[in-house]
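Colleague: Residues per chain, in single letters:
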Amino acid sequence: LPKCPRMVSPAIALAFLPLLLTVIIRYRFYFVLFYRAILIRIWKDCVTGLTREERAFQYVLTHATPGDPESILEAFDEWCSKVEFISNIGPKKGKILDRLLLEQRPLTVLELGTHCGYSTIRIARALPLGARLYSVEMDQRNAAIAEKIIRLAGFDDDTVELIVNPSDEVIPRLRSDYGLERLDFVFMDHWKKCYRPDLELLEGCGLLGKGSMIVADNVLFPGAPKFLRYIRKCGLYEWKIHRATLEYSRGIRDGMAELVYQGIK
Amino acid sequence: MSVSFTTGDEDEISTSEHERGKNRGKRNSNDKEKKKKGNGRRKASREREGEEDLQDRTEKREKGKKRRAKNDLDEKQPEEEDEEQVKVKNGKVAKSKKNLKNETTRKIEQEKKEEGDAEEGKSKKKKKKEEKDRGKQTEKEEEKKKKHKKETSEEDNEEEEEDEEEKEVRPESLSPEELEKLKEAVDEKKKLIQGLRGKPWPMKKKLVTLRESQEFVEKYEGALGKGKGRKLYAYKVMMTKKWMKFQRDFENFKTACIPWEMKIKEIESHFGSSVASYFIFLRWMYGINMILFGLTFGLVMVPEALMGRPYGSIPRKTVPRAEEGSAMDFAVLWDFGGYAQYSVLFYGYYNNQRSIGWLKFRMPLSYFLVGVGTVAYSYMVVIRTMARNANESGVGDDNSFNFSWKMFTSWDYLIGNPETADNKFASITTSFKEAILEEQESRKDDNIHLTRFLRVLANFLVLCCLAGSGYLIYFVVRRSQKFALDGLENHTWWERNEVNMVMSLLGMFCPMLFDVISALENYHPRVALQWQLGRIFALFLGNLYTFIIALMDEINLKREEEKVVKFNITMWEASLYNGTVSENSTASPITIHPADIPRGPCWETMVGQEFVRLIISDTMTTYITLLIGDFLRAVLVRFLNYCWCWDLEAGFPSYSEFDVSGNVLGLIFNQGMIWMGAFYAPCLPALNVLRLHVSMYLQCWAVMCCNVPQERVFKASGSNNFYMAMLLVILFLSTLPAIYTIVSIPPSFDCGPFSGKSRMFDVIQETLESDFPAWFSKVFIMVLFYIQTKIQIAFIQLAIYYLQSTSKSYKEANVELKKKLQTVTLSELHVVWILLLTFEINLCFEIRALVF
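So the sequences go chain by chain: D and Y. Quick note: the first sequence uses UniProt numbering, first residue 1, plus one each step. Quick note: the second sequence uses UniProt numbering, first residue 1, plus one each step.
For the record, the hints were derived by calculation from the structure and aren't laboratory data. Check before you lean on any hint, since a few could be wrong.
[Stated by the list, open to error] Per label pair, the in silico range of CB-to-CB distance:
# : chain 1 : residue 1 : chain 2 : residue 2 : range
1 : D       : 154       : Y       : 645       : 32 to 38 Å
2 : Y       : 467       : D       : 24        : 16 to 22 Å
3 : D       : 48        : Y       : 624       : 45 to 51 Å
We put the beta carbon where it would ideally sit given N, CA and C, even for glycine.
So that you can see chain D by itself, here it is in the shape it has in the complex:
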């Protein structure tokens, strides 16, 4: 029999089978996530020629009742768990957010990272009368879709103001352009790397007062280690992490950081 001398014998290759199985079983949720969030997305992008957000918008448009935030959120959840994956805050962590908002009753809210407007709607419906939500989104196309969805949910310009600009440009101008003195509530769900610089920017501009609450999503997965290290060290905040799983996925652990600004003592 002719033999390929360089080939590793099949028995040794078979011995690696347990390792392969272990890796597959242990990290199955990550593989599923990879498949849903990346492979399907690329495939659908090629097939439909639309972006993921546009597809989500189409689905919501056809499946939700206009003017009803609840049904829009439900449609989103369904699309994200059944069809494709978008990293919204999700229903479970959303409930924590709702609770925090109801406890805090904030009047001025800043949201960093609108994306499709899911979390914007969630925050806006939990706000008290007369409160105002400023939502910052960097991407033009996403912002257009978010605008449509927010208006579809029935929130007007007085309640939700969408700012299309990178967050690090918006924050220094909040005081001058939008006349904000103090933010009661900040929700961060944009680029994980911007969490820490934006937080420092907020501190630097003096927009945080004693008792202002900052909630940051996805601090464990994908994770914002520098942000966590910063809040641990700086001592300006009372903080805790709500542990949960990643949105629309069961096995991946994630957390939402809740910070209350204490100011310099």
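Assemble the complex: chain D is given as a structure, and chain Y must be docked to it using the hints.
Modeller: Relative to the frame of chain D, chain Y by itself:
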């Protein structure tokens, strides 16, 4: 205060004071020489204690003092000085005293005031005396004034006060009544010290009181002795201090002598006792292997190398002609072929000469006895250790009082690292949560069918995995035999090392798979760990025995080959003889180079080589996994984290944890292989010592450098004997095949110390017959027959005794604990709680007392 004791004989006091004043300069200089930490501390404490005594007694004459006018300046100065001393003292004394600081300083300030008063009084008195005999006193007074004017050094001050103390209570000056009183006071203090634990006082007060009374006793106990007693006492104190210091140094020295003790302690403080238990086990194993190594090296390898026939003298000690070309190649040596095979490292090299060298060393006998002795020694050590552990370990009922166990015993006091402490804290919290949930669920017990199904499924999967790995090993070993028949040179390195590679890889990866599968079962972590251990054990054992069975096949093949070779050799010799005879009829001794003489396959060396290769490949896999799985991963996680899109440290790959159970089992099976193979490859213990030595350093480094403390920190105290029991089982299982081969298979005809005998143990009989007088062998055999049955019975009795003793202790502990805890009804639970708390507090207290 001195007044209360000395009003009767003022003059005496004044003179003695004066004398001391003269001596002061000398003593000061002496003291400066002696200026040491311990000394200083002692002095400071004594002085303070003196102040306290002062306080006690001054209370009596508080009224009298009040009458005196107070000079503010005079009062302030000593106070400042005192404050300085207090600071110094607090700095010196360990940090645990910190909490006491406030209290003590407050107290001391109080005392200082009073003492200031007293001093003032004294100075007044002095003035009176000075008036009496000014001539004598002037010198001293000046000295004193000088001291008061310039900031007196701390030491002088202390000295001064010490003087004052001495002045206060001069035992010689005491009347018998006062002595009696003092004695009573000392006794009282002693009683106080003994009964202090039971006092319902806060910890701080207890500590303070303890120290005070200890110092009081220390001081006046000696003072009660008259005359020379005081000096003797000082001498005694000095000697005890020195002795204690020496003892402490000696302890340190002893600790330094225990190999790797500091390393292990450091790991223990970072990772808890479970990880440390692995390293202690490793060290213990190292010790045993050292002794095995000493036996084989000293009694087998060295004598053969020094006194046996040299290399190249006979065929078994020469590389055959066919292999000569490649005998020095690294690849061949790495496989333990070539020159390595024909050396003292393996069985085949040894000659069957009855005695070697000028010492008449009985080599075959020694070889046999060392083989038996190593195994016997191992049995002895393992059983002895087990028995000792069984006596030591507190046996308890783990399941009945889950919450109380958790409540009172879950903290690992050896943890010294904040991160580990955090983890431990978190794990205790979670274990509480889990326990509560478990309790709730056990009451609900819904979905039991699903759980059962999952458990059965998990076991099925594990069985499949075990069977698969067993079959794979069997397949590989059979294939390697085929390769061996073809001739190993035609095959690649991978194919030649297939068996070892596959065994090591399976041994490494299958436990991971088991771990993942066990997540299905939803067991309690402790139970899950036991299952995991059991499964890994089964896997390793299965692999080892498959390997041995395959080796047996190979031995049989070799023996058949041997028969053919034997026949061929006789033919060859005959032909050679005939040839030489035909060529020259003188029949001179034929000189053929030993490398050219044909020889048998020598299955013993083959077995030894297989084991050595297995050990080597196992070691290599362990180290490579360590480097890749731990170190490389840690490096990647650490440095890629700066530029990665998710948090690598907290999330997905993270750092690895130290796998205690897997490592311990690996160690145990490694030892099993040593026991099995050591008879055929005397180099195995040496290799193992080397391996363990390297592992110790490498793993210590890897643990400290790239592992994180376990999320599930559990205590290891209970599992020690479990490991030992496993070791015993493995020892038994590994001696079985070795004994089988020794007893049932005849040794090769042309290699090894037993060549030419029908069985290996014939060497004993031979020795008895030829080395001892006839009567001895007769007696020996008679005695052997006589005790043969008794030995068996004794063995069984030993085992039964061990089991009985452990079970008895278990039972007793069980019954006792149950009694204790069951009598405690719920309403009384808080009493136990308080008792335990006080117990713990007392423990702390005791430790502190020891420290001071």
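Colleague: If a hint holds in the structure, say so; if it doesn't, say that too.
Modeller: Verification of the hints:
A beta carbon spacing of about 36 Å between residue 154 of chain D and residue 645 of chain Y agrees with the range 32 to 38 Å that was offered as a hint. The given range of 16 to 22 Å is respected by residue 467 of chain Y and residue 24 of chain D, whose C-beta atoms sit roughly 20 Å from each other. The hint said 45 to 51 Å for the Cβ distance between residue 48 of chain D and residue 624 of chain Y, and at roughly 48 Å that hint holds.
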